[in-house]
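Peer 1: Sequence:
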Amino acid sequence: MSNHSEAENSSHNSVQNDSDKIPGWNEELELAFFAYKGSYIPGRVASRHKTVCEVLVQEAVVQAGISGALQKIGKQPVVGDFVVLLDQPETGSRMIVNILPRRTCLSRGAAGDGGGEQVIAANIDTIFIVTATGKDLNLRRLERYLTIVYSSGANPIILLNKIDLEDNPARLVEKIKSIAGNVPVIPLSALSKTGLDSLSPHLNPGETVALIGSSGVGKSTLINSLLGETVQRTGGIREDDEKGRHTTTVRQMFLLPNGAVLIDNPGIREIQLGDSAEGIEKAFSEIVDAASNCKFKDCTHRDEPGCAVLQAVKDGIIPEERLASYHRLTDELAFQSRKSEIGLKRLEKERFKKIAVDIKKYKKSTGKL
1 MSNHSEAENS SHNSVQNDSD KIPGWNEELE LAFFAYKGSY IPGRVASRHK
51 TVCEVLVQEA VVQAGISGAL QKIGKQPVVG DFVVLLDQPE TGSRMIVNIL
101 PRRTCLSRGA AGDGGGEQVI AANIDTIFIV TATGKDLNLR RLERYLTIVY
151 SSGANPIILL NKIDLEDNPA RLVEKIKSIA GNVPVIPLSA LSKTGLDSLS
201 PHLNPGETVA LIGSSGVGKS TLINSLLGET VQRTGGIRED DEKGRHTTTV
251 RQMFLLPNGA VLIDNPGIRE IQLGDSAEGI EKAFSEIVDA ASNCKFKDCT
301 HRDEPGCAVL QAVKDGIIPE ERLASYHRLT DELAFQSRKS EIGLKRLEKE
351 RFKKIAVDIK KYKKSTGKL
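full-length UniProt numbering puts the first residue of the sequence shown at 1, with every later residue one more than the last.
Everything labelled a hint here was simulated from the structure, so no lab data went into it.
Among the hints, erroneous ones may be present.
[Unchecked claim] With a straight-line cut-off of 30 Å between C-alpha atoms, the simulated DSSO-like cross-links for lysine-lysine are: (1) K135 <-> K282; (2) K314 <-> K175; (3) K75 <-> K135; (4) K135 <-> K175; (5) K295 <-> K282; (6) K50 <-> K135; (7) K72 <-> K177; (8) K135 <-> K72; (9) K353 <-> K295; (10) K314 <-> K282; (11) K353 <-> K75; (12) K282 <-> K175; (13) K21 <-> K37; (14) K72 <-> K297; (15) K21 <-> K50; (16) K37 <-> K50; (17) K282 <-> K297; (18) K353 <-> K297; (19) K72 <-> K50; (20) K175 <-> K193; (21) K297 <-> K314; (22) K314 <-> K295; (23) K75 <-> K50; (24) K177 <-> K50; (25) K193 <-> K177.
[Said to hold, decoys possible] Restraint-style ranges between C-beta atoms, simulated for each label pair: (26) G65 <-> L139: 42 to 50 Å; (27) P89 <-> G68: 51 to 59 Å; (28) L196 <-> S93: 36 to 44 Å; (29) F335 <-> Q311: 22 to 30 Å.
Even glycine gets a Cβ: it sits at the ideal position worked out from N, Cα and C.
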């Protein structure tokens, strides 16, 4: 858990629930863990550093490696995961041997030619999408964030930070609401602690809240303000682009005094959609609703006759830039899907090629060639 990992009795590392359980632990997880006896204990990943994780267990934070069996099948724990630990006190070693079922999963499209998904964090109830006044405020980027958050299964909330630097923050809130649908938009200043009380209804004991946003929007300052102490390093404002300097480098978990869980994330430079079809439908719900009245069921809302979406744009009900953004994201999603399919086919081809080589080697070694 970042700056407190060496002090296992730290107030932010200790599990302080009324029953001394791991924060977020519930009956479903208890049932999933029931099969493990003896030297196995449950935990929750608080941060990860390559092949070593800091894991919350009852009343402590411990370090644990990832078993070779998990790595072999490509099963990788992420921050927020509930995991099974093989605890061996006699040797002082702990190993993550399994990941318990994820309730929600925040992911994005992985970089590279193969496509696929990169999991960012797991078992999140609410996601604060943090943006800031000034040059960072970008509606198209917020649409992307909303798409991946909706796909995760968590509830999105948009935070407009640094309102102390803006003469008319209410104008910016209305601007964001034009693309946010029913998503709450909360203006605040993490530095001066203005508006932090509005976050209280979303920071409940045992629930997990993740923060995502670009570098420099003030996520670390917000974490420090909510905890009431400096646990995250912060940077000043760069004059050329009004951004705060990037300080967070790893995902990590913090516990608030009331038992709520916060997950801080490094700034996301590139928001690839991955498999976010459901997220697009929710992020652009007004377009989806209008599409139900289109003449053709497979209408693409580009130039078809009887398109209710194009009519809504013509009537000024749906802004033209919203439809353009919808097309851009659906086209990107289709491309990512094709890229992922090609990547899977390539992997399958390479796997069969390796099998053929292994068979040839076996026959040669046994003289059956």
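Peer 1: Run through the hints listed earlier and report the numbers of any the structure violates, in increasing order.
Peer 2: As far as the earlier hints go, 3, 6, 7, 8, 9, 14, 18, 24, 27 are violated by this structure, in ascending order.
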